[in-house]
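Colleague: Chain by chain, the residues:
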Amino acid sequence: MNASPVHASNVAKHFGRVRALDDCSFSLPSGSVTGLVGPNGAGKSTLLSLIAGLARPTSGTVSVHGTPVRGQMHPDVSLLTQKRPLYDQFTVREMMRAGAALNDCWSAARAFEVLDLLAGVDKDARVGNLSAGARTQVAIAFALGRLPKVLLLDEPLSDLDPLARDETLRIVMTEVAERGTTVLLSSHLLTDLGDVCDHLLLLDQGRVQVAGEIDEILGDHRVVVGPAEVSLETDGVVVDSSHTARQTTALVRGGSVPSGWDSTHPDLEALVMGYLRAARTRKLARQ
Amino acid sequence: MTWIVWRQQRPVLITLAAGLVVAAAAILLLRAGMVSDLQTRNIVDCVRDGTLQACRGEGPRAFQKSWYDLIHFAQLLVIVVPALVGLFIGAPLFAREFEQGTHVLAFTQSVSRTRWMATKFVVAALPALLFVAVLQLLVRSWVNAAGQLGPLAGGPYYFSTFDAQGVSPIAYTLFAYTLGVFVGALFRRTLVAITLTLGVFVVTRGFLSTWRESTIEPVRVLSNELTDPYAGMGPGQVVKNTGFLDAKGAVVTDVNAAQAKCVPNARIEVSVEDRTACWQQNGLARSFREVLPFEQATTVHLLEASIFAGLAVLFVLGSVWAVRRQA
Numbered sequence: 001m002n003a004s005p006v007h008a009s010n011v012a013k014h015f016g017r018v019r020a021l022d023d024c025s026f027s028l029p030s031g032s033v034t035g036l037v038g039p040n041g042a043g044k045s046t047l048l049s050l051i052a053g054l055a056r057p058t059s060g061t062v063s064v065h066g067t068p069v070r071g072q073m074h075p076d077v078s079l080l081t082q083k084r085p086l087y088d089q090f091t092v093r094e095m096m097r098a099g100a101a102l103n104d105c106w107s108a109a110r111a112f113e114v115l116d117l118l119a120g121v122d123k124d125a126r127v128g129n130l131s132a133g134a135r136t137q138v139a140i141a142f143a144l145g146r147l148p149k150v151l152l153l154d155e156p157l158s159d160l161d162p163l164a165r166d167e168t169l170r171i172v173m174t175e176v177a178e179r180g181t182t183v184l185l186s187s188h189l190l191t192d193l194g195d196v197c198d199h200l201l202l203l204d205q206g207r208v209q210v211a212g213e214i215d216e217i218l219g220d221h222r223v224v225v226g227p228a229e230v231s232l233e234t235d236g237v238v239v240d241s242s243h244t245a246r247q248t249t250a251l252v253r254g255g256s257v258p259s260g261w262d263s264t265h266p267d268l269e270a271l272v273m274g275y276l277r278a279a280r281t282r283k284l285a286r287q
Numbered sequence: 001m002t003w004i005v006w007r008q009q010r011p012v013l014i015t016l017a018a019g020l021v022v023a024a025a026a027i028l029l030l031r032a033g034m035v036s037d038l039q040t041r042n043i044v045d046c047v048r049d050g051t052l053q054a055c056r057g058e059g060p061r062a063f064q065k066s067w068y069d070l071i072h073f074a075q076l077l078v079i080v081v082p083a084l085v086g087l088f089i090g091a092p093l094f095a096r097e098f099e100q101g102t103h104v105l106a107f108t109q110s111v112s113r114t115r116w117m118a119t120k121f122v123v124a125a126l127p128a129l130l131f132v133a134v135l136q137l138l139v140r141s142w143v144n145a146a147g148q149l150g151p152l153a154g155g156p157y158y159f160s161t162f163d164a165q166g167v168s169p170i171a172y173t174l175f176a177y178t179l180g181v182f183v184g185a186l187f188r189r190t191l192v193a194i195t196l197t198l199g200v201f202v203v204t205r206g207f208l209s210t211w212r213e214s215t216i217e218p219v220r221v222l223s224n225e226l227t228d229p230y231a232g233m234g235p236g237q238v239v240k241n242t243g244f245l246d247a248k249g250a251v252v253t254d255v256n257a258a259q260a261k262c263v264p265n266a267r268i269e270v271s272v273e274d275r276t277a278c279w280q281q282n283g284l285a286r287s288f289r290e291v292l293p294f295e296q297a298t299t300v301h302l303l304e305a306s307i308f309a310g311l312a313v314l315f316v317l318g319s320v321w322a323v324r325r326q327a
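In order, the protein sequences belong to chains L and W. Counting in the numbering used here, the first sequence runs from 1 upward without gaps. Counting in the numbering used here, the second sequence runs from 1 upward without gaps.
Keep in mind that the hints were calculated from the coordinates and are not lab data. Check each hint, because a few of them may be wrong.
As the list claims (entries may be wrong) - Beyond 12 Å from chain L on every Cβ pair, some chain W residues (computed): (1) 7; (2) 70; (3) 104; (4) 108; (5) 109; (6) 216; (7) 247; (8) 283.
Said to hold, decoys possible - Footprint (simulated), chain W over chain L, 3 or more residues, beta carbon under 8 Å: (9) 61 to 75; (10) 78 to 86; (11) 114 to 120; (12) 219 to 229.
As the list claims (entries may be wrong) - Pairwise CB distance ranges, derived in the manner of DEER restraints: (13) L/9 to W/19: 51 to 61 Å; (14) L/173 to W/11: 38 to 48 Å; (15) L/173 to W/3: 51 to 61 Å; (16) W/18 to L/177: 46 to 56 Å; (17) W/307 to L/23: 23 to 33 Å; (18) W/18 to L/124: 20 to 30 Å.
Even glycine gets a Cβ: it sits at the ideal position worked out from N, Cα and C.
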């Protein structure tokens with residue numbers, strides 16, 4: 001039995017004929033911060049809700065610390081969903097009281113500690129009246145009050161201004177540094193991910209395209225640039241290539257540098273962009 | 001957990017409490033005013049027996065003109081409130097959570113879905129049931145104070161008296177509430193849930209109201225007054241049928257044939273005695289009427305309530321299924 005914080009083996013989730021996830025297998029190492037990326041509709045939110053036990057996989061199993069997830073939240077896991085659902089008519093203080101009431105294991109001290117970070121959140125304000133940044137902070141405090149060992153964040157940075165985005169990431173990184181929490185975080189903001197993530201999980205069409213340590217992944221890929229008239233011959237896999245009148249640029253996985261081509265290792269953003277472009281090309285080709 | 005639901009339902013609870021205070025104050029004041037009016041007009045005895053000679057004059061009529069509609073309105077209130085409970089407490093209970101996505105918040109904590117569901121269901125229901133019960137008792141005390149000068153003169157089967165009495169209001173409330181909860185959990189939209197709850201509630205109530213009287217076996221009341229089958233009938237009787245018996249006690253099937261022989265050839269006035277004598281000669285020995293017995297009312301209440309309770313159980317099971325399948 002694999003006792004990694006989160007382990008998925010051959011997980012599939014179908015909604016009728018739509019295959020949101022298909023044959024996904026991966027493990028998250030303990031204490032890692034994994035960026036979950038992929039185009040819209042790649043199955044990122046579905047994957048997070050399967051790990052949280054909100055939905056059951058059509059086949060395959062997800063396990064948390066070796067325990068299979070079956071329709072209920074594992075006590076070690078906290079999930080912050082995209083909509084950041086909170087009881088709007090509650091005050092922040094009442095929201096934290098609700099957290100204590102809903103959980104067997106709850107640390108009010110930890111929750112209030114998170115609320116007091118940065119500029120601090122007014123605890124007597126109604127949740128519905130908070131700014132997007134403060135609301136996210138409350139939602140994170142709510143998630144961390146459970147003292148999770150695995151923290152799942154679905155688009156935690158969407159609709160936050162750059163300052164709030166930066167501060168939210170700082171809260172998460174503080175949590176990781178202090179408590180060694182394993183984090184799986186989905187985001188479209190690649191530059192932010194590069195600063196905090198050490199692992200990458202790239203989904204497309206419900207399948208895992210790339211999974212592993214970011215440094216290794218980047219080392220395994222090359223961006224090669226050559227003249228437009230020469231066709232690219234490589235023993236690696238061409239993920240994506242683009243042509244201009246004068247030159248061809250390609251993202252290649254594995255293999256050696258083709259002779260006569262300039263080769264550099266991509267940064268995270270270029271790597272993910274390459275895969276996203278390829279995903280779109282495949283999608284267009286099918287239509 | 002209880003606290004959370006209580007806190008979520010706070011606006012509803014405040015509305016219920018305020019509504020109950022206002023309704024109680026109004027009903028008690030009106031009742032006191034009515035009782036003093038009874039004494040002023042010196043018709044207190046008519047409350048017990050409306051057929052007394054003293055209850056036929058101008059005084060009782062004026063009294064009824066000022067009070068009857070008000071009491072009737074109070075009964076209608078007891079009939080309407082269960083529907084409101086279904087629409088505004090039952091229907092949004094889960095539908096609003098699904099709409100706002102807050103069910104995900106609850107589903108991603110330690111509490112099980114079943115416990116979350118059960119707590120929400122019970123904590124939201126109890127104040128509403130209490131409200132209905134207290135309102136029913138208040139209205140009942142007012143209706144009783146008016147007695148035979150009020151809606152009670154229409155008998156136990158008069159629709160507003162029947163529906164606002166006994167186990168019925170609580171049964172209707174349970175039905176409306178669970179219906180709202182189920183539809184809300186199924187369709188996950190508050191507005192859809194409210195609309196459907198209203199429709200299904202009205203149709204079901206209407207159907208069972210017309211059906212329930214057919215479950216009672218009418219009793220036959222015999223009379224020697226052949227020409228007036230309603231002679232000597234007390235107030236509030238529901239007459240389902242009238243007819244005649246022959247000398248052997250069998251029901252006369254062809255009444256018209258017997259009566260036709262007694263129709264005079266010329267346009268002359270025939271006295272009641274003469275007509276009665278003629279009918280008797282032609283085989284109409286006695287007249288009868290079939291009425292709904294008052295003492296059956298409790299049975300009908302229980303029968304109807306058990307149907308609504310059965311439906312409520314189905315709706316609870318349906319809600320459990322609908323919430324559990326929700327991702």
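Colleague: If a hint holds in the structure, say so; if it does not, say that too.
Modeller: Going down the list of hints, with the structure as the test:
1. 7: 6 Å, violated
2. 70: Given that every Cβ of chain L is farther than 12 Å from that of residue 70 of chain W, nearest at about 38 Å, it holds.
3. 104: 5 Å, violated
4. 108: Per Cβ check, residue 108 of chain W is inside 12 Å of chain L; nearest 5 Å; violated.
5. 109: 4 Å, violated
6. 216: Holds, since 49 Å exceeds 12 Å.
7. 247: 77 Å, holds
8. 283: About 75 Å separates residue 283 of chain W from the closest Cβ of chain L, which puts it past 12 Å; holds.
9. 61 to 75: As far as the stretch 61 to 75 of chain L goes, the hint holds, because 3 residues have Cβ atoms under 8 Å from chain W.
10. 78 to 86: holds (count 6)
11. 114 to 120: Coverage by chain W is violated for the stretch 114 to 120 of chain L (0 residues, Cβ < 8 Å).
12. 219 to 229: violated (count 0)
13. L/9 to W/19: 51 to 61 Å: At 57 Å between Cβs, range holds.
14. L/173 to W/11: 38 to 48 Å: For residue 11 of chain W against residue 173 of chain L, whose Cβ atoms are near 40 Å apart, the range 38 to 48 Å holds.
15. L/173 to W/3: 51 to 61 Å: Violated, since residue 173 of chain L and residue 3 of chain W (Cβ atoms, about 34 Å apart) do not stay within the stated range.
16. W/18 to L/177: 46 to 56 Å: Given a distance of about 52 Å, which is inside 46 to 56 Å, the answer is holds.
17. W/307 to L/23: 23 to 33 Å: At 51 Å between Cβs, range violated.
18. W/18 to L/124: 20 to 30 Å: 25 Å, holds
In this structure, the earlier hints numbered 1, 3, 4, 5, 11, 12, 15, 17 are contradicted, and the remaining ones agree with it.
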